[in-house]
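Quick mapping for you: the protein sequence lines, in order, are chains Z and P.
Take the first sequence: its letters are residues 1 to 653, numbered as in the numbering used here.
Take the second sequence: its letters are residues 1 to 144, numbered as in the numbering used here.
Please keep in mind that the hints were generated in silico from the structure rather than gathered at the bench.
Each residue gets a CB set at the ideal place from its N, CA and C atoms; glycine is no exception.
Any given hint could turn out to be false.
Here are the in silico distance ranges between beta carbons for each label pair [said to hold, decoys possible]: (1) Z/397 to P/130: 35 to 43 Å; (2) P/138 to Z/513: 50 to 58 Å; (3) Z/574 to P/138: 34 to 42 Å; (4) P/60 to Z/446: 39 to 47 Å; (5) Z/517 to P/116: 33 to 41 Å; (6) P/59 to Z/397: 37 to 45 Å; (7) P/138 to Z/572: 38 to 46 Å; (8) Z/513 to P/116: 35 to 43 Å; (9) P/59 to Z/513: 39 to 47 Å; (10) P/95 to Z/513: 35 to 43 Å; (11) P/30 to Z/438: 51 to 59 Å; (12) P/88 to Z/534: 52 to 60 Å; (13) P/131 to Z/509: 30 to 38 Å; (14) Z/498 to P/130: 21 to 29 Å.
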Amino acid sequence: MAAYPRKLLLLSPDPTEESALREHLSKAEDGKYELRRVETLEALKQLDLVNACHAILLDMRIESNQVLDAIHSIGAVHEGVALLCLCRNHDQLREHKDLIHLVDDYLLAESLVEGELPTRISHAIRRRQKEQELLSEQNLLKQLLENIPDAIYFKDKQSRFIKVSQAMTRTYGFPNPDDILGKTDFDLFTKEHAQLAYDDEQEIIRSGKPIVAKIEKETLPDGGINWVTTTKIPLRDAHGQIIGTMGMSRFVTELKETQDKLEREGRLLKTVVDYALAGIFVKDSKGRYLIVNKRHANYLGAHSVDDVIGKTLYDFFDPVEAKKICTSDANIMKTGKGIEHMVDHRVRPDCQELWLLTSKVPFHDKDGTCIGLVGISQDITSQKEIEFKLKSAIHTLEETQLQLIEAEKLRTVGRLAAGVAHEVKNPLSVVLLGMDYLKQNITDSKELIEVLNDMQQAAEKANDVIFELLDYSSPHEISMLPMDINVLIERVLALMRHNFSEAHVTLHNELTPDLPLISMDAPKMEQVFINLVLNAIAVMPDGGDLTVRSYEQRMQQTGANVSSKMTERFCIGDRILVVEVEDSGKGLTPEDMEKVFDPFYSTKATGEGTGLGLSVTRSIVEMHHGLITLENRKDTPGACARLSFPTTQKNES
Amino acid sequence: MPDCPSRPHKKMKAKITHEPRRVLLIDDEASFTRMVKLNLEATGKYAVRVVNESPQSQQVANEFHPEIILLDVVMPEVDGGDVANQLRQHETTKHIPIIFVSAMVSRRESGSGFYKSGGEHFLAKPVSTELLDESIEQVLAQKV
């Protein structure tokens, strides 16, 4: 409703008309009117009509060609201003009857009764304003329906469309909104969706209860899919009676797809993290675990992922250890520089040692601010153990190599000494025997006897020197140390690997682990096994199988399968450590069996060996209070050398 | 060298009670065999036959019928071990006791110079006439 005072504008060439109208308006009961007159249409056009007036009175006495112009101009400027024609009388009214329907009202100046003018003006203003409001609301609805990207629809009780938005028309492939009217969801969608929507709407009509923000999957006849979020409410008439439904569906297909994609990616990430063959973790800037997989939880000594989330390293390690890692983490977040392949040695709360290979990178939000770090840890404990074992093995090998070099040196000296001994001892024998002979035959000269004695002593002294050389070259200083015989055998086998491959002999290692230690002189015992293995290889000129076996047994009562030598050497109940070296050669003849340990006895062709090997072997075994026997294998061709040692030495010498 | 008994040692002459024992000495060192022969025969107890070339050992042993054989270990052509194997395989010589005479032994192995190892008798060079005599007597006594 327009406010008072009501501003009126009079377009009239007659100044008396203004005063006549003022007279009428002064008697108005509904309030104050302000009247202003302009003489020409041009003058009127200069004014800001919207703010200047609520109604315009058009004196029809202005030049007739200007009347229509005036009506159009005013109407075009502002539809909110009421326009009234002021005719003199019925004749003039008749004259302009074609124009009357273009204005809000007309007045007959000559027959205005008291109070008529303000009443008619007020009504015109009010009518004009109502019309304007209605138009404005219609326009809002029109704008809404034409421009909103959502589907808006009004339906009758049978769920037939009675009005829809432009967006909906477009989306479902109709040229204009009217084409969709009278149709139902069954015309737009497959039955799958249409039925659900229809049931929803009928329920709203029945109950009056709205459906708000329901996520719906619309399935189209062409196979297309729309995801929408739908709100539907009952449509009521002026009396509040439900006459249908109205609703709005927002198209969220892209949002839904993005959401699904995010969810898929999230699931994928979780799968990768959960099943990765490494420990994966994410920590916030305070070092609290945000994400951790089961594997990493185990590295921390926790039973489950839930036991780790929200906790820090201080919950799992001693403060010194935890602080060290936290400082490193803080540095990564501060500098933005990750670390790669850091070898981490940790002791878990259960005291288990753990070696980890860890890489960590800072974790940024979308603004580039560091908000934590992401890490991946691989358990390399077993690799580390192998590395340590390897190092130890290399160390042992180096030591063995040194020992072998030393042994080889001694062997060289030995060979030299043996040669020297042979060459010198024969002449010495001649000299000494010669002097024996001379001493027997010279009896008359005491001086000559003395000379011969001196010469004999000198020759014996020379002989002593040779003995010393021989003694030096055969290292007989025994150093008995408790040892695992398997270790020693493995060492020998490793060193002789190339002998096996050269001779096409396959080695079968059947050593029983964890045997009791026995006291032995390692270099001598090595010589034993080298001799046995070399002999075994020699009896298999076309290749074959060589088995080295070790085990522990208890000395049984005397019986058919216990040799008399065994009963001589061991007591019943003694724990005996046995090592067997078996070949797949031709085996031993009965003659071999009898003499195989005799010095100079050899099965090798003349010139291939002096036959001292097994004799020396037996000496060494006996030095260790052991027993060596040689026999043919029972089930298959080949010989077996069996060494038996007491596990507790009877008498250390 | 004359193949006749040499002049006996004065102090050993008294011990002679029977015919000299036949000793076959096999060694490639001629000077050594000469000295052993001289000294052993000087005792008047032994008649020594020398072989310096080991392949002839069997033939000489067959002819000479020694009661004991002194056998060098390290020899060119056929070494002592092989000579021993050969003699022991032969019907006429297999029963004859052998003493190996070797320069290749250490004092620890040889002990006093005459020792037994693996069922065999050994004498370490250099050997004195006295030890030679004692060793031969000991082995012959065992055989009898």
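Evaluated hints:
At roughly 53 Å, the beta-carbon separation of residue 397 of chain Z and residue 130 of chain P lies outside the given 35 to 43 Å, and the hint is violated. With their beta carbons about 52 Å apart, residue 138 of chain P and residue 513 of chain Z fall inside the hinted range of 50 to 58 Å. The hinted window of 34 to 42 Å between residue 574 of chain Z and residue 138 of chain P holds, with their beta carbons roughly 38 Å apart. Between residue 60 of chain P and residue 446 of chain Z the CB atoms are about 42 Å apart, so this pair conforms to the stated range of 39 to 47 Å.
Taking the beta carbon of each, residue 517 of chain Z and residue 116 of chain P are about 34 Å apart, inside 33 to 41 Å as hinted. Between residue 59 of chain P and residue 397 of chain Z the Cβ separation comes to about 55 Å, which falls outside the hinted range of 37 to 45 Å. A beta carbon spacing of about 39 Å between residue 138 of chain P and residue 572 of chain Z agrees with the range 38 to 46 Å that was offered as a hint. About 42 Å separates the C-beta atoms of residue 513 of chain Z and residue 116 of chain P, a value consistent with the hinted range of 35 to 43 Å.
For residue 59 of chain P and residue 513 of chain Z, the hinted distance range of 39 to 47 Å is not satisfied, since their beta carbons lie about 59 Å from each other. A beta carbon spacing of about 53 Å between residue 95 of chain P and residue 513 of chain Z contradicts the range 35 to 43 Å that was offered as a hint. Separation of residue 30 of chain P from residue 438 of chain Z is about 19 Å and departs from the stated range, judged on CB atoms against 51 to 59 Å. Checked against the hint of 52 to 60 Å, the C-beta distance between residue 88 of chain P and residue 534 of chain Z comes to roughly 26 Å, which is inconsistent with it.
Evaluation of the 30 to 38 Å hint for residue 131 of chain P and residue 509 of chain Z yields a failure: the beta carbon distance comes to about 50 Å. Range check, residue 498 of chain Z to residue 130 of chain P: about 52 Å between beta-carbon atoms, so the 21 to 29 Å window is missed.
When the structure is compared with the earlier hints, violations turn up for hints 1, 6, 9, 10, 11, 12, 13, 14 and for no others.
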